[in-house]
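All chains should be modelled from the sequences, with the hints used to inform the complete structure.
Each protein sequence line maps, in turn, to chains A and B.
Take the first sequence: its letter number 137 is residue 327 in the working numbering, and every next letter is one higher.
Take the second sequence: its letter number 215 is residue 405 in the working numbering, and every next letter is one higher.
Honestly, the hints are just simulated from the structure, not real lab data.
There may be inaccurate statements among the hints.
No distinction is drawn between identical chains; accordingly, a pair holds when it is met within one copy or between any pair of copies.
The calculated lysine-lysine pairs, modelled on DSS-like cross-linking and capped at a C-alpha distance of 30 Å, are [stated by the list, open to error]: (1) K409 / K280; (2) K233 / K437; (3) K351 / K286; (4) K395 / K286; (5) K259 / K280; (6) K437 / K259; (7) K286 / K273; (8) K280 / K299; (9) K259 / K286; (10) K259 / K351; (11) K280 / K407; (12) K233 / K299; (13) K437 / K351; (14) K286 / K437; (15) K348 / K259; (16) K299 / K407; (17) K455 / K286; (18) K395 / K455; (19) K348 / K286; (20) K280 / K351.
2 protein chains.
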Amino acid sequence: MRSKSMTETPVNDAIDWQERGLHYGDGLFETLLKLGGRIPFWKDHYQRLSEGCHRLHITVPTAEWLNDKIIQQTQGVDTAVVKLIVTRGKGGRGLKMPERNRPSIFVFKYPYTALKDQQRAIDVAICETRLAINPNLAGIKHLNRLDYVLAALELEAKGQKDEGILCDTDGFLVEGIISNLFFCLQGQVYTPSLDLVGVNGIMRKHVLQYFESEGIKVKIGRFPAQLLMQASEIFMCNSVQGVRPIKSLDQLPLSVGPITRSLMKIANNRFESSANV
Amino acid sequence: MRSKSMTETPVNDAIDWQERGLHYGDGLFETLLKLGGRIPFWKDHYQRLSEGCHRLHITVPTAEWLNDKIIQQTQGVDTAVVKLIVTRGKGGRGLKMPERNRPSIFVFKYPYTALKDQQRAIDVAICETRLAINPNLAGIKHLNRLDYVLAALELEAKGQKDEGILCDTDGFLVEGIISNLFFCLQGQVYTPSLDLVGVNGIMRKHVLQYFESEGIKVKIGRFPAQLLMQASEIFMCNSVQGVRPIKSLDQLPLSVGPITRSLMKIANNRFESSANV
Chain A
191 MRSKSMTETP
201 VNDAIDWQER
211 GLHYGDGLFE
221 TLLKLGGRIP
231 FWKDHYQRLS
241 EGCHRLHITV
251 PTAEWLNDKI
261 IQQTQGVDTA
271 VVKLIVTRGK
281 GGRGLKMPER
291 NRPSIFVFKY
301 PYTALKDQQR
311 AIDVAICETR
321 LAINPNLAGI
331 KHLNRLDYVL
341 AALELEAKGQ
351 KDEGILCDTD
361 GFLVEGIISN
371 LFFCLQGQVY
381 TPSLDLVGVN
391 GIMRKHVLQY
401 FESEGIKVKI
411 GRFPAQLLMQ
421 ASEIFMCNSV
431 QGVRPIKSLD
441 QLPLSVGPIT
451 RSLMKIANNR
461 FESSANV
Chain B
191 MRSKSMTETP
201 VNDAIDWQER
211 GLHYGDGLFE
221 TLLKLGGRIP
231 FWKDHYQRLS
241 EGCHRLHITV
251 PTAEWLNDKI
261 IQQTQGVDTA
271 VVKLIVTRGK
281 GGRGLKMPER
291 NRPSIFVFKY
301 PYTALKDQQR
311 AIDVAICETR
321 LAINPNLAGI
331 KHLNRLDYVL
341 AALELEAKGQ
351 KDEGILCDTD
361 GFLVEGIISN
371 LFFCLQGQVY
381 TPSLDLVGVN
391 GIMRKHVLQY
401 FESEGIKVKI
411 GRFPAQLLMQ
421 ASEIFMCNSV
431 QGVRPIKSLD
441 QLPLSVGPIT
451 RSLMKIANNR
461 FESSANV
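Now the structure itself:
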């Protein structure tokens, strides 16, 4: 977006009744941390947001402008979880596109729980709810989250497991409800590909970079859920909670293995020290 | 929803920043007409909304309560297009379900163009944008409309056709961006099934009932787009615009055939005379 109109873009204005984010889920989001005035992984968040805006043909604000707005909107708060929503803005009835390309920007803040307090091993269940295969939307963090809402409802009904693992409508593993998935089996590390559906996680990217730097090959592909049942280690990750080890899969106990342990240390280190921009 | 809590449910309150309709598209909508104080097809709209609420585990308000609210919110307006949105309400971060089941209800009104003025024959294009196959959400009118937004963008780029025809990710015909699809080929009437994806349209239901009452068999199934290219008649329909004949498909001219003509008369008749509740 040209800087002139960008300065006019409201942040956290009242939510207009014509907001396309409400009517169609016509937008994107990022969940970030603010840690002592810095936004860890800001470059990565902005890159994914830009990619999403590009795919949805939404005008993307500049990284600097957005960063400033987030810092402004969270003034007085040292550490917070911040949700940034960018939508196509206001629009008419019947999907008609707005005449002016003027995205809405919302910045919401939530309390942050320190990483060390949330990195306990978690219980996970494989959900029956399937993710719809949708290459047009795969990878980006869009606002059409009903599949994940249904999975969260299923998980709640199952008795409050910490996280659910989701397969696509063909039955292949994709990710968790709020995190990406890795597993180890006979010395090999696996993670599902996200070309058809799923969120291209920032912590996943950093974990892959770490494995690459260590010369550890990761198989990325479409794997059936049965393969996961044989895994020696499973961990999940996202950029707010870091790397989370799994202590049970569908009530089957799992121990936290050496790969997961070393990754947790490294990921958390990077986390706390990652530069702002 | 029990009537006690229903009376507390706000209608057209300011849109809260925690609104799950914005964060996740976690809700449903209906687009209705208000014609001289009546809501044509209200029973059908309410039935589909209830079905959607049931599938998404959202508490559904009673038909009477909702009908009253719509009439109240559109007071002083004799004819209007009304958009009703029902969401799961406010919620916390990370998909956590709200502790109290208290849906948000929004009623928005738009100007109405008389049926006779909008029932000209239309130009349609087959879109390259595909609809994701998603049996969990098939049939209901949910707020996750990004596939349709992308199709509308594609249509706009193609040069403002009136409507786009959409196939699913397997390549089978589903519906239009804002209407359902019927076509005739060698004396046989066809319409795509909506078991895997698509909106269970109210006018489609009435058209099917009409064909049944006339002893005309309609083939409902998964049909490739090529079949449509050979059709002698194509028409599309929805409950706001009635039955709309097609005058060109991907620039190939089509004449408005006898089945479409007779249907238009009948549909419009039912339209204007359908009872409120």
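Quick rundown of the hints versus the structure:
no.	hint	result
1	K409 / K280	neither (43 Å within a copy, 40 Å between copies)
2	K233 / K437	neither (32 Å within a copy, 50 Å between copies)
3	K351 / K286	between (41 Å within a copy, 12 Å between copies)
4	K395 / K286	between (36 Å within a copy, 25 Å between copies)
5	K259 / K280	both (20 Å within a copy, 24 Å between copies)
6	K437 / K259	neither (39 Å within a copy, 50 Å between copies)
7	K286 / K273	both (27 Å within a copy, 15 Å between copies)
8	K280 / K299	both (23 Å within a copy, 15 Å between copies)
9	K259 / K286	both (29 Å within a copy, 26 Å between copies)
10	K259 / K351	neither (36 Å within a copy, 39 Å between copies)
11	K280 / K407	neither (46 Å within a copy, 43 Å between copies)
12	K233 / K299	within (19 Å within a copy, 41 Å between copies)
13	K437 / K351	within (11 Å within a copy, 55 Å between copies)
14	K286 / K437	between (49 Å within a copy, 22 Å between copies)
15	K348 / K259	neither (40 Å within a copy, 36 Å between copies)
16	K299 / K407	neither (38 Å within a copy, 57 Å between copies)
17	K455 / K286	between (49 Å within a copy, 28 Å between copies)
18	K395 / K455	within (16 Å within a copy, 59 Å between copies)
19	K348 / K286	between (41 Å within a copy, 14 Å between copies)
20	K280 / K351	between (38 Å within a copy, 22 Å between copies)
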